[in-house]
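Student: Listed below, chain by chain, are the residues.
4 protein chains.
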Amino acid sequence: MAITGRNEALEGPIRLGMVGGGKDAFIGGVHRIAARIDGKFNLIAGALSSTPERALESGLALGLAEDRIYSSYKEMAIREARLKNGIEAVAIVTPNHVHMDAAREFLKRGIHVICDKPLTHTLTDAKKLVKSAEASDALFVLTHNYTGYPMIRQAREMIASGALGKIRLVQVEYAQDWLAEAADPDNKQAAWRTDPTKSGAGGSTGDIGTHAFNLASFVSGLEVETLCADLQAFVPGRQVDDNAHVMLRYEGGARGMLWCSQVAVGNENGLRLRIYGEKGGLEWAQEDPNYLWYTPFGEAKRLLTRGGAGTGAAAARVSRIPAGHPEGYLEGFATIYSEAAEAILAKRAGKDVPSEVVFPTVQDGLKGVQFIDACVRSSARDSAWVKFA
Amino acid sequence: MAITGRNEALEGPIRLGMVGGGKDAFIGGVHRIAARIDGKFNLIAGALSSTPERALESGLALGLAEDRIYSSYKEMAIREARLKNGIEAVAIVTPNHVHMDAAREFLKRGIHVICDKPLTHTLTDAKKLVKSAEASDALFVLTHNYTGYPMIRQAREMIASGALGKIRLVQVEYAQDWLAEAADPDNKQAAWRTDPTKSGAGGSTGDIGTHAFNLASFVSGLEVETLCADLQAFVPGRQVDDNAHVMLRYEGGARGMLWCSQVAVGNENGLRLRIYGEKGGLEWAQEDPNYLWYTPFGEAKRLLTRGGAGTGAAAARVSRIPAGHPEGYLEGFATIYSEAAEAILAKRAGKDVPSEVVFPTVQDGLKGVQFIDACVRSSARDSAWVKFA
Amino acid sequence: MAITGRNEALEGPIRLGMVGGGKDAFIGGVHRIAARIDGKFNLIAGALSSTPERALESGLALGLAEDRIYSSYKEMAIREARLKNGIEAVAIVTPNHVHMDAAREFLKRGIHVICDKPLTHTLTDAKKLVKSAEASDALFVLTHNYTGYPMIRQAREMIASGALGKIRLVQVEYAQDWLAEAADPDNKQAAWRTDPTKSGAGGSTGDIGTHAFNLASFVSGLEVETLCADLQAFVPGRQVDDNAHVMLRYEGGARGMLWCSQVAVGNENGLRLRIYGEKGGLEWAQEDPNYLWYTPFGEAKRLLTRGGAGTGAAAARVSRIPAGHPEGYLEGFATIYSEAAEAILAKRAGKDVPSEVVFPTVQDGLKGVQFIDACVRSSARDSAWVKFA
Amino acid sequence: MAITGRNEALEGPIRLGMVGGGKDAFIGGVHRIAARIDGKFNLIAGALSSTPERALESGLALGLAEDRIYSSYKEMAIREARLKNGIEAVAIVTPNHVHMDAAREFLKRGIHVICDKPLTHTLTDAKKLVKSAEASDALFVLTHNYTGYPMIRQAREMIASGALGKIRLVQVEYAQDWLAEAADPDNKQAAWRTDPTKSGAGGSTGDIGTHAFNLASFVSGLEVETLCADLQAFVPGRQVDDNAHVMLRYEGGARGMLWCSQVAVGNENGLRLRIYGEKGGLEWAQEDPNYLWYTPFGEAKRLLTRGGAGTGAAAARVSRIPAGHPEGYLEGFATIYSEAAEAILAKRAGKDVPSEVVFPTVQDGLKGVQFIDACVRSSARDSAWVKFA
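If you read the sequences in order, they're chains A, B, C and D. Count the first sequence with full-length UniProt numbering and you get residues 1 to 389, in order. Count the second sequence with full-length UniProt numbering and you get residues 1 to 389, in order. Count the third sequence with full-length UniProt numbering and you get residues 1 to 389, in order. Count the fourth sequence with full-length UniProt numbering and you get residues 1 to 389, in order.
If you are wondering where the hints come from, they were derived from the structure by calculation, not from laboratory data. Treat the hints with caution; some may be incorrect.
Per label pair, the in silico range of CB-to-CB distance [said to hold, decoys possible]:
(1) D:131 - A:310: 49 to 59 Å
(2) C:63 - A:381: 51 to 61 Å
(3) C:101 - D:163: 16 to 26 Å
(4) B:166 - C:299: 53 to 63 Å
(5) D:185 - B:356: 49 to 59 Å
(6) B:51 - A:382: 43 to 53 Å
(7) B:51 - A:381: 47 to 57 Å
(8) C:299 - D:163: 37 to 47 Å
Built from N, CA and C at the ideal position, the CB exists for glycine as well.
Given only the sequences and the hints, what does the whole structure look like? Please build it.
Tutor: Okay, structure coming up:
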């Protein structure tokens, strides 16, 4: 470990709006902290709720000027696009079923979109949104935030460099227990996440399975060809899966397993990824994100640490402080915002987005929705192997 | 923790023979240590190899009298059965394809059998052996040694007592890496374990998958109804699976996943079991066997330790030393021998085997071979759900 | 774990200046992120370096207006105090020997001071600074950042509530290895930290020992009465200690040990605290800060997690995201800034600082310098027990 | 990991007697298992208690012939020395104050002694016993059993080979909590261990501190020159220390800390050793004994495992099973017996003890008693630095 500084170069910060994320929301607050950490955004407008009073109250609490507080994302998109100092980017942090409509309003006006996952609540919507994003000059950034962890970047870099040889196995899991019982009707987070009209056909598959699925591909560099799923709703009356067992076959012959669960008692946010190749293995767990276990075949296991010996440029790029000073979930999330900012600033300057800037895109979002869809279809067909539709 | 003693009551030790386990064998030596730890057996005869010189050399090295060293298990069974002080029990530690024939020679002469797993190399043999065992007065003990770990007994007792409520999920895995490359032809262990004529149709499924499968049922108290498997031989030229992904459906609605692999680089002997019920969760890992993680739903996770606070009678029965003094693999294995000894001594005394004495039986062995068979059949049918045959 | 939101209430942010922290500095950047995370400060002025060009370059990179960039902290204090929208608070992040003079310039003009630790490089200075702080209406906040970790707050609350009974033992250590070899002369961080004219008489004792010492008292609620130290400079030519062994006697009869080292190879930032009372024990490690191990005597060890079951109000107050989503070093540091902000906003509003707002003060800073001084004196007297001077 | 066998070569087993270790004793049972594991001893005689009925009952329970059961160790020594097939070695597992007298009875008759630690309850006795041992042809083996762990042998070998460079720091601790409250008068283990007339002047220092002290020297290869101690009896009425803080100065300039405690709530048997040199660091914990953490300076930390990659001959010599199959406390203890057996068999054959055979000797025992004595003297002199007397 060396104690060294890291210099900032804060160009004029990016003017940011937000859709959703009003009072009591969970992920909206996370996005706001993430946007602040590296100082590259200023939140100046918001349609934080579709209820006017709630939108106003929430906006004022965040220090927004009253005339930049909206109760309609459409109104916000229209007006902000016309303002001289209108927002350059918008964060969409609503329940899933709102993503597509909201995003399209901004995309078509050239406002960059930073959108929470999963991309949409239906596959049809996802495909429409892909078209809209592709038709727009604006960027579309999906906040698969776990891709922002430095040791995830490290793992990805190692695999891309061949350190593991040809990949054979991808074992990924995401276990929680917060839905182990029927949700309290007052719990808004639980309510919409288990309502298929808002979250989509996937429950745990959509809420957390997509993260696991995305992370496995992000790190391994591999795409799933077919999958075979057994979905279950253990809690009586639940309309979406709260547990999913999935077997995966990747292009090139690698195999995998994905388990996601929201009823695995004793698991808080247990996203864990293990990848094994002909020459080595890697293991990482989200709850201890500064560590990456690396075993070159036939040698002792090594504990790589963020900022520590044996780590490379990809991790260092997105790391803020020295080894032994743990970075967490918010910093990983902030990295998605920082990557977005790098891309937006390049756009602003009329330059290409630098090649080292990496963030999940609308295409990754589509794959996530295809993953949910494939899980649901396979499970309905007695766990037949299915391709992405 | 309390530092307290544990008294021994060594009745006349049981006269033991061994089939297999000659020079350079792995598991034979493990059986011998296991038999010695609690002082309840005396090894006095052996057919340690079918090669006479090797049998003799191996027997002498173990201190056997020359006239109790055999090169044929059949000869040993016949002669020992006639001797006044002949063996009372035999440990069979050969490659799998020999188990059935050897076991039957002893069973039919009333000599108790302690047999390594998997039970046999074919399902046909397994069923025959079940009949032989059932027809015999002698005991049949299968060394699924992991069932001997105190914290496994603890987990089993907790689940049986309802501490976890109705079980929903059984996640079990057994990952190794010692076959990640084509085995050296000089490695006898690797050679027979990857030769289907000796090990059977399952590779990793037979060698380690059966352990995982057995342990999951032993602890959960649940039986698998159907399974769906994707088997793979990653190493070119390998004739049996070296990796298996399996989804499980248990009686009563629980679901599970089983992963076994011998190519997961960085894993030495990674048998890990996690069981989740409506009211709690348990997690255990073989490489750290003195720990059991227990989370009652809505409470903090607890680290139960062998001999420590919060552990019960089932674990204490099979524990030798106080908390904080780790017991290991050999002690767990020894417990199988001690349980066998308890049962044999009861038989010797004309008593019933005490109800608290627990060991894997020939029926468990049959289930293990059925598991291998079902995995192979399901995988051949594109991962269809199959029942045990 | 429950996934729930946490609402922000961003009043007009506090206008902040910074002394030190120019290009290539380490801790200045940390302070800036910490100040941003909760959105309660705006950095608007800086005397980031005493070299004018460097000050200018660093200020511009941070987006400061050119007329708010200074190369003299005195000039900054004078001018900002006169401005209508001048800074309300200043962060002092220079090497230790500058702290006192800089702080006094702001304190005497009623500008709140947030100062890095240790308080000063000499005990004489520390005492002077205490007087200045006491004579000022402005607040003095010392960034013993580790006190901002939620699980440290949890531990403190548990001990204060009597959960551990009377405290017997305080074992604290802070091990690093970055100075295991003679520092590269180009390493500015290493250079001033091993130069007694800049860092003070303590090396590891000052740089990290003070953190350990402070944290032990913060959590235990106990003050050291006497200590006995054995200091060593292992690296040839080093003028300050790079390792310290210290025995502690606390008021009320508790005993402790403190070890700090910058030559313990394999340790990155190993601050670890263990406290044992008559009724229970607690264990915490900075590198895994979201966990707190709690053992009530005679019960199983429990793993308390940030946001998880069994944690209380003190931790929740300073926690941002749900359990299982790790918070890190920067969030803990940000909590010091947030606590400072709460106090400053109360002052601004003419109110008392709320009683739940907790941060290290100038008095804590004095104790830290007394600790260094006592270690040096004891070690010079062959490890005699000494009191604080 | 390779799955390979390990061959036994059981020469005629050594005839063993035991002094102490009757019904309800703790350490006697441990010695018996340890003696059995590798099959090199036969327990054939015992003076298991000084109470005749208890001696008889205990002996019969262990399967001893009635004429080899004694209630006086002296009688046993005299008679066994005369028998043709009398014992060759004796295990002395009584409370400390009996060690010297018992050992001398056997030593003077040429019977090898395997004695529990600490060597004696007084320094005077220890010195006498050294003389007796030196005057005898018989071997004296002290069961500092933790030296038998394979990864301890590994650490020792690495340091001896220079892998860590010159040693700077030795941090050792041994924390328990079983005496956190006044002991139940019925607890025999607690009773004699806190009675200075039986255990000696040291409480925790004698019972566990000696283990820590011995292990630190065994691994580091260094001898303590002076120490400085602060002893405490936290439990009211306790006559011996239940906690000790000790600073150590080793020959050649290394420094160390030793902490032992029997009141650290939440610690079961927390013996932990960390050694840091100029070129690397090692960390080991008794409760997870199959792991050794090794950091070469400037490289990633490596997890060495018993039997795993990167381990050498010294560990392999005393290891029984492959990596990933945990060995525990009993196996480590058994290694002391196996080493003793190797030495005894060499003696029996008129050969030199092979140089690779390593076990703690009477000299190590003397150092342990000197350590206790020095701690007590230093503490009485207000933690002055003292030499061994």
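Student: A separate judgement is required for each hint: does it hold in the structure or not?
Tutor: Results for each hint:
no. : hint                      : in the structure
1   : D:131 - A:310: 49 to 59 Å : holds, 54 Å
2   : C:63 - A:381: 51 to 61 Å  : holds, 56 Å
3   : C:101 - D:163: 16 to 26 Å : violated, 48 Å
4   : B:166 - C:299: 53 to 63 Å : violated, 26 Å
5   : D:185 - B:356: 49 to 59 Å : violated, 31 Å
6   : B:51 - A:382: 43 to 53 Å  : holds, 51 Å
7   : B:51 - A:381: 47 to 57 Å  : holds, 54 Å
8   : C:299 - D:163: 37 to 47 Å : holds, 41 Å
Checked against the numbered hints given earlier, this structure breaks hints 3, 4, 5; the rest are met.
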